[in-house]
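Add chain B to chain A, keeping to what the hints say.
These protein sequence lines are chains A and B, in that order. Position in the first sequence counted from 1, then plus 288, gives you our numbering. Position in the second sequence counted from 1, then plus 288, gives you our numbering.
Honestly, I wouldn't trust all of these hints.
[Said to hold, decoys possible] As a list, the in silico PhoX-like pairs of lysine-lysine whose alpha-carbon atoms are at most 25 angstroms apart:
1) A:K746 <-> A:K709
2) A:K295 <-> B:K464
3) A:K295 <-> B:K361
4) B:K300 <-> A:K295
5) B:K486 <-> A:K300
6) B:K797 <-> B:K746
[Unchecked claim] Pulled a few chain A residues facing chain B out of the computed Cβ check, cut under 8 angstroms:
7) T298
8) K300
9) L306
10) R309
11) R314
12) D330
13) V349
14) E493
15) D497
16) G509
17) K538
18) G539
19) P626
20) K628
Derived by calculation from the structure, the hints in this document are not laboratory data. The beta-carbon is built from N, C-alpha and C at its ideal position, and this holds for glycine as well.
Protein chains: 2
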Amino acid sequence: MATSLAKKKTQKISSQELPERLAQARGDAELDMLITNVQMLDVITGETYPTAIAIGGEYIVGVGLEYLGSPTKRTYDGQGLFVTPGFIDGHLHIESSMMSPFEFEKATLPLGTTTAVCDPHEITNVLGAKGFEWFLRSSELMHQNLFVQMSSCVPALPGFETTGSDFPLEEMKKHKDHPSVLGLAEMMNFPGVIHANKEVLAKIEAFDDLNLDGHAPLLRGKALNAYLLAGIQNCHETVTIEEGREKLQKGMGLIIREGSVAKNLKTLAPLVNDFSSAQCLLCTDDRNPFEIAHEGHINFLIRELINKHTVPVHVAYRLATYSAAKHFGLKRLGLIAPGKKADLVLLSDLKQVRIQEVMIRGKFVSELSLKDHVQEKLKKSLPPLENTMKRAPLTAADLQYKLTAGGYNVIEIVPHEIITKHLTVRYDGQKFLENDVLYMANIERYGKGLPPGLGLVKGLGLKSGALASSVAHDSHNLMVIGTNAEDMALAANSLIDCGGGFVVVDQGKVQALVKLPIAGLLSLQSAEEIKTGIEDLKQAFRKLGVVLDEPFIQMAFLALPVIPTLKLTDRGLVDVTKFEFIPLYQEA
Amino acid sequence: MATSLAKKKTQKISSQELPERLAQARGDAELDMLITNVQMLDVITGETYPTAIAIGGEYIVGVGLEYLGSPTKRTYDGQGLFVTPGFIDGHLHIESSMMSPFEFEKATLPLGTTTAVCDPHEITNVLGAKGFEWFLRSSELMHQNLFVQMSSCVPALPGFETTGSDFPLEEMKKHKDHPSVLGLAEMMNFPGVIHANKEVLAKIEAFDDLNLDGHAPLLRGKALNAYLLAGIQNCHETVTIEEGREKLQKGMGLIIREGSVAKNLKTLAPLVNDFSSAQCLLCTDDRNPFEIAHEGHINFLIRELINKHTVPVHVAYRLATYSAAKHFGLKRLGLIAPGKKADLVLLSDLKQVRIQEVMIRGKFVSELSLKDHVQEKLKKSLPPLENTMKRAPLTAADLQYKLTAGGYNVIEIVPHEIITKHLTVRYDGQKFLENDVLYMANIERYGKGLPPGLGLVKGLGLKSGALASSVAHDSHNLMVIGTNAEDMALAANSLIDCGGGFVVVDQGKVQALVKLPIAGLLSLQSAEEIKTGIEDLKQAFRKLGVVLDEPFIQMAFLALPVIPTLKLTDRGLVDVTKFEFIPLYQEA
Chain A
289 MATSLAKKKT QKISSQELPE RLAQARGDAE LDMLITNVQM LDVITGETYP TAIAIGGEYI
349 VGVGLEYLGS PTKRTYDGQG LFVTPGFIDG HLHIESSMMS PFEFEKATLP LGTTTAVCDP
409 HEITNVLGAK GFEWFLRSSE LMHQNLFVQM SSCVPALPGF ETTGSDFPLE EMKKHKDHPS
469 VLGLAEMMNF PGVIHANKEV LAKIEAFDDL NLDGHAPLLR GKALNAYLLA GIQNCHETVT
529 IEEGREKLQK GMGLIIREGS VAKNLKTLAP LVNDFSSAQC LLCTDDRNPF EIAHEGHINF
589 LIRELINKHT VPVHVAYRLA TYSAAKHFGL KRLGLIAPGK KADLVLLSDL KQVRIQEVMI
649 RGKFVSELSL KDHVQEKLKK SLPPLENTMK RAPLTAADLQ YKLTAGGYNV IEIVPHEIIT
709 KHLTVRYDGQ KFLENDVLYM ANIERYGKGL PPGLGLVKGL GLKSGALASS VAHDSHNLMV
769 IGTNAEDMAL AANSLIDCGG GFVVVDQGKV QALVKLPIAG LLSLQSAEEI KTGIEDLKQA
829 FRKLGVVLDE PFIQMAFLAL PVIPTLKLTD RGLVDVTKFE FIPLYQEA
Chain B
289 MATSLAKKKT QKISSQELPE RLAQARGDAE LDMLITNVQM LDVITGETYP TAIAIGGEYI
349 VGVGLEYLGS PTKRTYDGQG LFVTPGFIDG HLHIESSMMS PFEFEKATLP LGTTTAVCDP
409 HEITNVLGAK GFEWFLRSSE LMHQNLFVQM SSCVPALPGF ETTGSDFPLE EMKKHKDHPS
469 VLGLAEMMNF PGVIHANKEV LAKIEAFDDL NLDGHAPLLR GKALNAYLLA GIQNCHETVT
529 IEEGREKLQK GMGLIIREGS VAKNLKTLAP LVNDFSSAQC LLCTDDRNPF EIAHEGHINF
589 LIRELINKHT VPVHVAYRLA TYSAAKHFGL KRLGLIAPGK KADLVLLSDL KQVRIQEVMI
649 RGKFVSELSL KDHVQEKLKK SLPPLENTMK RAPLTAADLQ YKLTAGGYNV IEIVPHEIIT
709 KHLTVRYDGQ KFLENDVLYM ANIERYGKGL PPGLGLVKGL GLKSGALASS VAHDSHNLMV
769 IGTNAEDMAL AANSLIDCGG GFVVVDQGKV QALVKLPIAG LLSLQSAEEI KTGIEDLKQA
829 FRKLGVVLDE PFIQMAFLAL PVIPTLKLTD RGLVDVTKFE FIPLYQEA
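Next up, chain A with everything else stripped away, as it sits in the complex (with noise of 0.2 angstroms):
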């Protein structure tokens, strides 16, 4: 079945609505809107020139100053404003800013994120098809063009982990046809992609006629080769700038990421240029509510480009507009031009991206009191409510370890990584030969009542008591740190007794808890009040001697096997590097 990108949403006008559509882009019939007074930056040929925007419905019918004293329904003087096309996010998961996709939305869309591609892959591991769905369905509801992108490896790595859902090709093929599917998501098993893994490549097959996303940490040589030949088109998990210049090379579309722990601007900005950016995207990957309301979403992407990585102005608007929109065949997006829909970004200052205003499909932002709606959409969306920490309490013992001396296969964390480094400490009977070695757990929470993965972890810092997080990639098991068991057992149980969220103990205490009821992974509450209680995890964590800037997502990433290098998973220890399970005491 050949299922066509130009059926999706925002593809097209309909042919009850052109006729009208055209007749104001002629001058014929009244506007609905005109812009006027605007510097234009045009993300095809690079220039700023003063420009009126002609607004018919959701449409932009007409771009120029031939439109000045056209007859109108509303006039918005721009007072010398600057204009741009809407930005495009072209890779995130809008669980990891635990927010609802209608709080995210409210989040965003003000800073100029009109468009995003989105992969439902946490809620997805976490309830399947019903998880997948809510985001189908919350897409409609929304203002922003929400794509969402099919879940292309549900579990990340069948064999290595538990799973609260898995999400089938014939799962798959029942959705494709949803306007706001646009292809299969982040295909991150790149292993089973290059040895051509049946499974795998019915996937692929199913599904590239419409985009195929990739993910390819470190991915170089014959293997990447491969990787691409199988059509996968793009990669936003560029880590050195090496690599970046191989893809590029390849044929690759470059998604640079900066997100709230994988931060990889500074790294690829120096491949972009003129001349390259038709092939540079950017995205947020994952981005926290506290970084969103701090920095920004895309916007915040630009303003780096510019200011600390020297990218020209026009290039770093291309990157987040016209390449995205091109790159993924979303024709009616990415351009201030006649037939695009009417998302737009309105600035006062081009460098630093200070955004005055935002129109979606023709609306102003700032009209559509997006506030007002959240919790009404909420409702509409029919989220999934059900309690998903399917797991009986834990005990101390339950977390006991049993070390003689030896050497122990430790994970490192990187910090602003999500890759991890592989190390081998030794423990002389007493204690670790190496300071900041703290217990992990990753615990099992779909009602299997199986036995708690076990691993040791170096570079958060924790001093005293433990943390817990039901967020933990991309099976979302539960996840602790601690110094000690008792405070791990009762992180763990807090978690379990609330349908999930983020926790700091301290003996036998809880010091600070956010809940995420939704799957675990998302509130029911706004992003205030979700950067509320982050910050009051951050203080409580903080007292606790940790040093990273977000310990809970870092752990999230800690349980994510298909990102080097070595990561625990609720069955073991995973090494990245060969895919294989190894034992947590390495050796005499």
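Then chain B, alone, in the frame of chain A:
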């Protein structure tokens, strides 16, 4: 019904083939060919660097020095040659070459044109679906990637000329799923689009899930906005730099043309730079066999851009490759990268475009013996061979002008342009008060027996005799220009007699004749024979004083009522600025 671009040829590797190609990419299976010792001009990054290209079947399975030493059935030592992707002609009418598609392939594939997006609207105007379908059948027998756009305006301007056939939407829809059809061919009826003509919008609606090619000479301002609003995505008819800039600014793909008559490279080259190159591509539109042989095809355009118009080398090649493939959504063409079709050009000099070898889908063109297969393929393609010159012989009396003193509307030819000027020239009762005013007739040839359309033309330089042609865009009635009615009748009758072609007549004798028996448009001969015939014609018309290089091609466009300013159809003079008939006699 949504038809996906993904269903089109060149778009995917079959799932049966993929595992073997993956094994080759990984280095686990023998390659079919390894090209070593080449310098790749990278049209993504703009850099040039040494590489190796691994080929499996029709595909590039890998690119990079990592393949040196890999087991391979065949090694091609590039000996330091440069390599670029195969060239893409974004818009052309093969009929203008007078060659069959197989002869065209033989002539242009060795020049690096591995892909051509053609519109067979000349033959479709004459023969309707019978002509169009022959192109589809031919495309299936060719090595060159010939895409056949759905001729959208047959007839070009209903009511303004008599055509051999029409090509209604119902007929068009039948062929939409053919793997060679990429979309709607140039929508020349821009007034119809702009003014929301129902039939025109129905065609757009039917094909807007594929590509929508444009044609909008001199269109600007609100009218251009309206045209683009409908979804039209490109234009190859841009003749001024201001117009080109505006089209880019309004999001249109700028297809820069250098045909045999219409030459826009020089004018538009200043718009092309590193940044804008993503939105610019190249086409030949109408190029005769003489210029293909002497100057070249897309290779000539690249050479001119670099050497005459100071476009940087990497930019010029990008226009001819990656930009074109991206524009048309051709996922597996236009790059030298894993998973792309192995269409590439090996050159000893990038600036001079000195081609040493061309590869199409993994095969060297020099080894394809194209010449030996032309006749066999032509036969297999079942070309329509019926005589289409359905007209009884004319007499001089049919072409007699009854002129009285006064002002006459005269078409002035602009050398190397297909637009014309509209003159008013006084006749004093005996002669015209300007020199070089000639008689011109456009004679219906589709069996209706209608009286000829009579006109006057200036700018040819003919001093004696007459020229006639059965090629006269887009309806291809019989066009005759002469100094006297007797020679004009003989010229017309010679073509009626032989099934069409070009003829030069003087003093009651045929001086030179090229026969075009397929639809009165295409020859059954080889490119070399056609060239010889054209050289004979040239000698003959030069003797008679003709000052134009390509009088037959310019004549052919004097009939085309969708290109400004004044044109002559079989029904009479058309003022193309108003789309109105006007009389020959203007004023007393």
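So, against the hints stated earlier in the document, which numbers end up violated here? Hints 3, 7 contradicted; others consistent.
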